[in-house]
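Just so we're aligned: 92 in the UniProt record's numbering is position 92 of the sequence shown, and the numbers increase by one with no gaps anywhere.
Certain hints may be false.
Dumping the calculated DSSO-like pairs for lysine-lysine here, alpha-carbon to alpha-carbon at most 27 Å [stated by the list, open to error]:
id, residue 1, residue 2
1, Lys-374, Lys-337
2, Lys-374, Lys-360
3, Lys-363, Lys-374
4, Lys-177, Lys-167
5, Lys-37, Lys-337
6, Lys-163, Lys-360
7, Lys-198, Lys-214
8, Lys-127, Lys-163
Label pairs and their computed distance ranges (CB to CB) [as the list claims (entries may be wrong)]:
id, residue 1, residue 2, range
9, Arg-335, Arg-22, 20 to 28 Å
10, Phe-33, Ile-226, 47 to 55 Å
11, Arg-145, Gly-106, 24 to 32 Å
12, Ala-19, His-68, 20 to 28 Å
13, Asn-128, Ser-36, 52 to 60 Å
14, Pro-99, Lys-37, 44 to 52 Å
15, Asp-15, Lys-337, 31 to 39 Å
16, Arg-22, Gly-317, 24 to 32 Å
17, Asp-15, Thr-161, 48 to 56 Å
18, Cys-11, Thr-61, 19 to 27 Å
19, Val-199, Arg-145, 24 to 32 Å
20, Val-324, Pro-99, 24 to 32 Å
21, Lys-360, Pro-99, 25 to 33 Å
22, Lys-41, Thr-161, 49 to 57 Å
Just so you know, the hints here were simulated from the structure itself, not pulled from any lab data.
For glycine and all other residues, C-beta sits at the position ideal for the given N, C-alpha and C.
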Amino acid sequence: MYSKHDISTVCIPTDCADAIFRLYHSHPTGGHFRPSKTITKLLRSVWWPGLSHDVHERCKTCLVCFQHNPPRSTNRALLQSAPYPSGPWTNIQIDFIGPSFTAAGGYKYCLVIIDKFTKWIEAFLTKNNTALTAARILLREVICRWGIPGILDSDQGSHFTGKVFTKLMELLEIDHKLHVSYHPQSSGVVERSNRTLKVWLSKFCADHPTQWMKGLPLCLMAIRSIPHATTGISPYQAMTGHLMRLPGCTVVMTEQALEQLEGNVKLQGTAEETWVKEMLKIIQETSRFVASNTGKAKQSMKQQFDTTVNHVEYEIGDEVMVRVYGKKESPFAPRWKGPFEILEKASPAVYLIATPLSSKLTKWYHVNQLKTVKKGKG
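Hey, can you work out the whole structure from these sequences and the hints?
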């Protein structure tokens, strides 16, 4: 048998195909090339029935290729819609920014706390990012001012999983939800706020980077006064029921602005009792407005996002590869490790994986951090 280039080609039995494939693909001289190149190499000297199909299937199950090759289509979960908070300060997210340029007084971190309902943001300068610092600020500056939240979301950093912070959550009966590591989308609200805060601070302190602490209060004021894309109104308005007075304003609250906000409900007098009743009504209307707009925005976002997703859903017992994050031992170290078994399924997007080779025997992963294992003779 001859090839089109008049090079002698040996026809081998199919039961020898696996050994020949390993020699041309998996052996150190094989190079672990993609299927088309491996097929080209093989056809120069050997052939067997179904060679092309076999090579494609065997390359798909090659563990070394699986660990190092970037996936052609990345797993992405459908957009998950968490239950929306029932009102202001019932569900908050917390995160540290830094270390940044050390400001006067030794401050180089910033603790950011945001209310998921109104999008109101609080930010506090700190000298460190310990669990004690986070717990003190949360209790003294947020809980004592706005009340105890029902749910607090954070990452798995030691500043939020340390004994002091964990004990505070237990004493106040706060449901502390930890995000999946290396998946910032889990804390999207606070991550977006952090990004906005950094951009505004960088603009404010462009000429004096170490003076960023002076610009922080003004940046917070600006963020609180701007209508949020999701709610349709500013965090300040969602919190207080009226617009923030800013430079250039001539009145705090005109009758026209009030009518627009509360649906043509006018104040009937100036008595304290009347004012309180009307303000309660305004705040109730504002809360309903925020909830309605947020629901519509989330539904629209989900519809747009899900159309672009390569959705994969796993079951308990399935084997997957997990993405390697952090600093690698070598630039040639695998991008993926495994295969590991799925032990628990919290949702279509989050799974508990058995990781016997790491310091933690089990770890939670987002589906976007997993890759399907194709079983075979690779």
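For this session: Return holds or violated for the Cβ distance of Arg-22 and Gly-317 against the range 24 to 32 Å.
Result: Holds, since Arg-22 and Gly-317 (Cβ atoms, about 28 Å apart) stay within the stated range.
Problem set entry | Pairwise beta carbon distance, Arg-335 to Arg-22, judged against the given window 20 to 28 Å | For Arg-335 and Arg-22 the Cβ distance comes to about 22 Å; the hint holds.
Exercise. Is it true that Cys-11 and Thr-61 lie within 19 to 27 Å of each other by Cβ?
Worked result: With Cβ atoms ~25 Å apart, the hint holds.
Exercise. Going straight from one Cα to the other, do Lys-374 and Lys-360 come out at no more than 27 Å?
Worked result: 25 Å, holds
Exercise. Is it true that the C-beta distance of Asn-128 to Ser-36 lies inside 52 to 60 Å, as the hint says?
Worked result: This hint holds: roughly 55 Å between Cβ atoms.
Problem set entry | Cβ separation of Asp-15 and Thr-161, checked against the hinted range 48 to 56 Å | Between Asp-15 and Thr-161, where Cβ atoms are some 54 Å apart, the hint holds.
Exercise. Keeping to a limit of 27 Å between CA atoms, is the pair of Lys-127 and Lys-163 held or broken?
Worked result: 20 Å, holds
Problem set entry | Range hint compliance [Cβ, Lys-360 to Pro-99, 25 to 33 Å] | 26 Å, holds
Exercise. Measuring from beta carbon to beta carbon, are Pro-99 and Lys-37 in 44 to 52 Å?
Worked result: 47 Å, holds
Problem set entry | Agreement of Lys-374 and Lys-337 with the hint, judged by alpha carbon distance not exceeding 27 Å | 14 Å, holds
Exercise. Are Lys-177 and Lys-167 close enough, with their CA atoms no more than 27 Å apart?
Worked result: 14 Å, holds
Exercise. Is the distance from the Cβ of Lys-41 to the Cβ of Thr-161 consistent with 49 to 57 Å?
Worked result: About 51 Å separates the Cβ atoms of Lys-41 and Thr-161, which means 49 to 57 Å holds.
Taken one by one, the earlier hints all hold for this structure without exception.
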